[in-house]
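In the order they appear, the protein sequences are chains L and W.
Counting from 172, one number per residue, gives the positions in the first sequence under the numbering used here.
Counting from 172, one number per residue, gives the positions in the second sequence under the numbering used here.
Quick caveat, the hints were computed from the structure, so don't treat them as lab data.
Just so you know, these numbers come straight off a predicted model, no measurement behind them.
It is possible that part of the hints are untrue.
Where chains are identical, the list cannot tell them apart; a pair therefore holds if satisfied intra-copy or between any two copies.
As the list claims (entries may be wrong) - Straight line, CA to CA, 30 Å or less: simulated BS3-like cross-link-like pairs of lysine-lysine:
no.: 1; residue 1: K511; residue 2: K211
no.: 2; residue 1: K511; residue 2: K494
no.: 3; residue 1: K323; residue 2: K211
no.: 4; residue 1: K211; residue 2: K578
no.: 5; residue 1: K589; residue 2: K540
no.: 6; residue 1: K540; residue 2: K582
no.: 7; residue 1: K494; residue 2: K211
no.: 8; residue 1: K396; residue 2: K582
no.: 9; residue 1: K355; residue 2: K396
no.: 10; residue 1: K396; residue 2: K323
no.: 11; residue 1: K211; residue 2: K390
no.: 12; residue 1: K494; residue 2: K355
no.: 13; residue 1: K578; residue 2: K281
There are 2 protein chains.
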Amino acid sequence: MPRIRVGLIGFGTVGAGMVEVLINNRELIGDRVGAEIVLKRIADLDIDSDRGVEIDPTFLTTDAMEIVNDPEIDVVVELMGGCDQAMEYILAAMERGKHVVTANKALIAKHGRLLFETAERYGVDIAFEASVAGGIPIIKALREGLAANQIKAVLAILNGTSNYVLTRMTQEGLSFHEALSTAKRFGYAEVDPTLDIDGSDAAHKLTIIVSLAFGLPCKYEDVYKEGIDTVSPEDIRFAGEFGYCLKLLAIAREVGGHIEARVHPAFVPLDHILANVNEAYNAVYIEGDFVGPTLFYGLGAGRRPAGSAVVSDLMDIARNQIKGITRRVSPLSFARLPAKGLSLKPMDQLITAYYFRFSALDRPGVLSKISGVLGANNISIASVIQKGRAGHGSVPVVMLTHEAREKDVRKSLLLLDKLDVVTERTILFRVEKRTGS
Amino acid sequence: MPRIRVGLIGFGTVGAGMVEVLINNRELIGDRVGAEIVLKRIADLDIDSDRGVEIDPTFLTTDAMEIVNDPEIDVVVELMGGCDQAMEYILAAMERGKHVVTANKALIAKHGRLLFETAERYGVDIAFEASVAGGIPIIKALREGLAANQIKAVLAILNGTSNYVLTRMTQEGLSFHEALSTAKRFGYAEVDPTLDIDGSDAAHKLTIIVSLAFGLPCKYEDVYKEGIDTVSPEDIRFAGEFGYCLKLLAIAREVGGHIEARVHPAFVPLDHILANVNEAYNAVYIEGDFVGPTLFYGLGAGRRPAGSAVVSDLMDIARNQIKGITRRVSPLSFARLPAKGLSLKPMDQLITAYYFRFSALDRPGVLSKISGVLGANNISIASVIQKGRAGHGSVPVVMLTHEAREKDVRKSLLLLDKLDVVTERTILFRVEKRTGS
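Starting from the given sequences, assemble the full structure and let the hints guide the process.
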């Protein structure tokens, strides 16, 4: 049986998961692919800790360049994370004719172009299924399974930590900080969860999705991003009253030749299949022009799901190697980028529905003042909830709007927040309109 | 740009969908694959009807063998349905070195082995993504995306007609026959919906899934099958009271080296992601040993989704052809079948939880009589609902059991239905136990 020899750089959580898959499912992998995938060497600064997998100690090295330079290694798997060092090893490996598998979403999002050009120059494969939505084979779906479709929209829950926190806030009424503590306690949030909570992690993944779905090389910096730290249990309750839940969504949508690319908390209709994606699960909802709506759901992180994705990439490369080919599918999903390219839509041109929560003095005429300013800025109100007196003079006035332009919304809120009847900064969330399941 | 030339046999609903994709997304397909997929000829007995796609009339023929014999055609797409004729054309095409794409689930389920052996003998590709779950790229997911996993279980909603009927019964309280009429009226059921309603269609698809997931060549005849015509709104209401809904599930599960393969209406916990799959949608829930639980959701039938799947197969074959290879991935998903093979579990050995609805006389001691017989046959009751008098002497007694053996259940019901206090044949449904979403 042919053998594909693998070197691993980075023996952390995902690295250990990959090794575990290769050991546990060695026979299955051989049966499916018709080749043996052999782990030959592992580099990590820490070569002493027990990762819960049995490894011949002579496999271990602290010098990643030993792997990069090993002529017997066919594929380098980069799972160390970070950008500069990882980039250096990957480029060096490709220059030496080695294929690369990585789970490094930040690296692909920020330096994808250079990585893909280098892979092309040296005629090697670069695969990164584990970088988006963990174990869910979403990159394969976009590149191959749904390849016949013009993708119209992608709505995705891509950050398990945020989804876990929002689930706790929704189901138990916890505050953001209480829910985040719970997430940390149960291992769903890192000690420093900033990149998960502020939308950066989801934005990295969305950057990759935009490139694959639309053939639009997208820069991470161009993806609009808001985190979930502004979400309160109060807004989640109001969302429920309007028939919605609150999710951190990564949205990529084509509207008239322009692509929206944005990550922010959003109202999702309760009868939308995404509304049922709870706990630390990820899900990617894709609308294609022929396939219609689809959903891909599963665990977006963790040792075992990520290990599954990394090994499926290795099996793909092994299948190429058996046939003596490389680069069967373009890493960017397009063999050539579309001639009439799409462009990113600036955020202030976004048109969507909105939720506002005003803190207003409980006086006659307040609602008329607020709706007057909105109306003057082309924002029309779809529904309003005004609850009784809160006791301290201020009451929440919440409303859903019809479709409006982000620019007009921003301008209106600036004006409204200056009114003497508005006592606190107005809370804003964007609303994904009601759709059939 | 390289060209892949395609001949189509069967210009019905799916055929027209495929043609529409090839016309509408010609540029996109070229951009993604780097090859042109050219439709060269279409065979159908009816070459006059308008299919809503623009076709050069000289492309049309009533003689399918013209396509099979055309040396310029690289791929034959069989979308005529039926078994004998379709088989003949496909075998003849493969003998002439042509690749084959088909959506014919019955053919694959019944004659897969001969088809795959023939494809191997002549070194051609055979692809059938559209045969299971329509537009959802589930075959690619099982063969490639999740290939690193031992599949533990597949729970799937594979028949859109049945799911639509059950949705109407659940949401509007319609009877089976009323819901089926509605389905026909809105185009979700054929004039003769027998194969959809009696579970045959789902069983065909499950046969294919079992082969791909477990490397177990499975015969259609060996898949246990029950339809939805025994489902009543009453049982759906009771399911709701217990925290479940009723779905037609196709289940393949590995338990201790044996594979369950069964299609029947089943209780699904309301917090399971499958419980939210409504209307005519399909969904495939897959548990892998590393990836954990995943769900793939979308439209399982119809011109456009099926067209998407057929063309994604064509693009796969085109990608092989560009690289000068064939048979990169085994059609059966295993390059060699597993050495220690699994075997199908006989239905009477199934162990699962059950729902019973007894029609019993409203007399003291009835419940004790029923539970006595169950207990004597190793069936223990988990919960019971006994409603008040129905007026005509008989009342429903419904219960959920703990796990029990199908054989014991069958035996008990035979005994119980002979009791004079049991007035009608007892209704039985199997229960998928509560799981975290």
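Next on the checklist: When Cα atoms must be at most 30 Å apart, do K494 and K211 count as within-copy, between-copy, both, or neither?
Outcome noted: both (22 Å within a copy, 29 Å between copies)
Checklist entry - Is it within, between, both or neither when you check K589 against K540 at 30 Å Cα-Cα? => result within (12 Å within a copy, 75 Å between copies)
Checklist entry - Given identical chains, is K355 near K396, meaning Cα to Cα at most 30 Å, within a copy, between copies, both, or neither? => result within (23 Å within a copy, 46 Å between copies)
Checklist entry - Can you tell me if K494 and K355 fall within 30 Å by alpha carbon in one copy, between copies, both or neither? => result neither (46 Å within a copy, 49 Å between copies)
Checklist entry - When no copy is named, should K578 and K281 be tagged within, between, both, or neither for a Cα gap of at most 30 Å? => result within (28 Å within a copy, 60 Å between copies)
Checklist entry - Are the CA atoms of K511 and K211 at most 30 Å apart within a copy, between copies, both, or neither? => result between (45 Å within a copy, 27 Å between copies)
Checklist entry - 30 Å Cα cut-off: does K211 pair with K578 within a copy, between copies, both or neither? => result neither (56 Å within a copy, 51 Å between copies)
Checklist entry - Is it within, between, both, or neither for K396 and K323, if the alpha carbons may be no more than 30 Å apart? => result Only inside one copy: K396 and K323 sit 21 Å apart there, 38 Å across copies, limit 30 Å.
Checklist entry - Between copies, within a copy, both or neither: which fits K511 and K494 at Cα up to 30 Å? => result For K511 and K494, only the inter-copy Cα distance (27 Å) is at most 30 Å; the intra-copy one is 34 Å.
Checklist entry - Is it within a copy, between copies, both, or neither that the alpha carbon of K323 lies no farther than 30 Å from that of K211? => result between (43 Å within a copy, 29 Å between copies)
Item to check | Identical-chain pair category, K396 with K582, by Cα at 30 Å | outcome: within (19 Å within a copy, 61 Å between copies)
Checklist entry - Is it within, between, both, or neither for K211 and K390, if the alpha carbons may be no more than 30 Å apart? => result For K211 and K390, the Cα distance exceeds 30 Å both inside one copy (35 Å) and across copies (41 Å).
Taken one by one, the earlier hints fail for this structure at numbers 4, 11, 12, listed in ascending order.
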